[in-house]
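> Protein chains in written order, with this note's numbering: chain V, 1 to 116; chain L, 1001 to 1116.
Please keep in mind that the hints were generated in silico from the structure rather than gathered at the bench. The model shown is predicted, which means the values in this text are computed figures rather than measured ones. This list has only true hints and no planted wrong ones.
SDA-like, lysine to any residue: derived pairs with alpha carbons at most 25 Å apart:
(1) V:K20 / L:Q1045
(2) V:K20 / L:K1103
(3) L:K1103 / V:D27
(4) V:K14 / V:S89
(5) L:K1058 / L:K1069
(6) L:K1103 / V:E52
(7) V:K66 / V:S5
(8) L:K1049 / V:R24
(9) L:K1049 / V:L26
(10) V:K41 / L:S1084
(11) L:K1103 / V:E63
(12) V:K14 / L:N1041
(13) V:K66 / V:S90
(14) V:K41 / L:P1012
(15) L:K1103 / V:T98
(16) L:K1103 / V:T57
(17) L:K1058 / V:I104
(18) V:K41 / L:V1013
(19) V:K41 / L:E1020
(20) V:K41 / L:Y1039
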Amino acid sequence: GAVVSQHPSWVICKSGTSVKIECRSLDFQATTMFWYRQFPKQSLMLMATSNEGSKATYEQGVEKDKFLINHASLTLSTLTVTSAHPEDSSFYICSASTSGGGNIQYFGAGTRLSVL
Amino acid sequence: AQSVTQLDSQVPVFEEAPVELRCNYSSSVSVYLFWYVQYPNQGLQLLLKYLSGSTLVKGINGFEAEFNKSQTSFHLRKPSVHISDTAEYFCAVSDRAAAAGNKLTFGGGTRVLVKP
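Please work from the sequences and hints to get the whole structure.
Laid out in C-alpha cells, this is it:
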C-alpha cells in the first residue's frame, strides 16, 4: 500500500519551454502533496505544499509563477516548470500524505529534468 | 522551527559489519521521527518511524532505531549490512501538532558505502 507514482522519470527539454510533472497516489487519497527539489549529493529542499482544491503554499525563495502547482483531486498533483532554463535542471520529487496517522509522507520515484 | 543534524556525511563499512548512522534533532515542540533511504536516481523509501510507544523501533530490511528524548537523538542501526544497503539515508522530523501540517525537516543525509 501507499504507492506514489511520478511521471515522467526523466525529461529533457529546450530552454524556454514548459515541462509538466505528474504525481499520483495510487492506492490512497492524499489530502496533502509536497514538491521537493534535490541537488546532486544534497538533501531535499521543500518547494511547496499543496492541499486538494486549494492554492499551494510556497516556501520562501521559490517562484510561484515559475513553478506552477495544481492539486485538482485527492490523487493527483502536477508541477509545471514554466519557461525552463538550464539552472532549473534538477531532480524533482513529490510526496503524498493523508491526514492523521503520524504525518507519514510517501514519496514518488523522482523526475530528473535536464534543460538544454 | 526544527533542525536535523546527521553527523556523518559518509560512512564506509564492510559487508556483514554493523553500521550506525547518527541523527540529532532540535525542536521546541514534540515531533515524529523518520528514517528514509534513497537509492541512486530514485525517490525516498520509508525505513521506519517513531510516533509513540516503545523507543526502540524496528523497520524494514533489518534496520532499527532508538529514540532518546533526553539526548534528542534517533540513531539508525543495522547489525550486519549487505552490499544492497549502499544508499543515501535521511533522518527527518515533523511537528506532532496537527495544526502545523506535516512538513518534514530533513537532515543533510548520510551516504553509506558497503564494501565487499
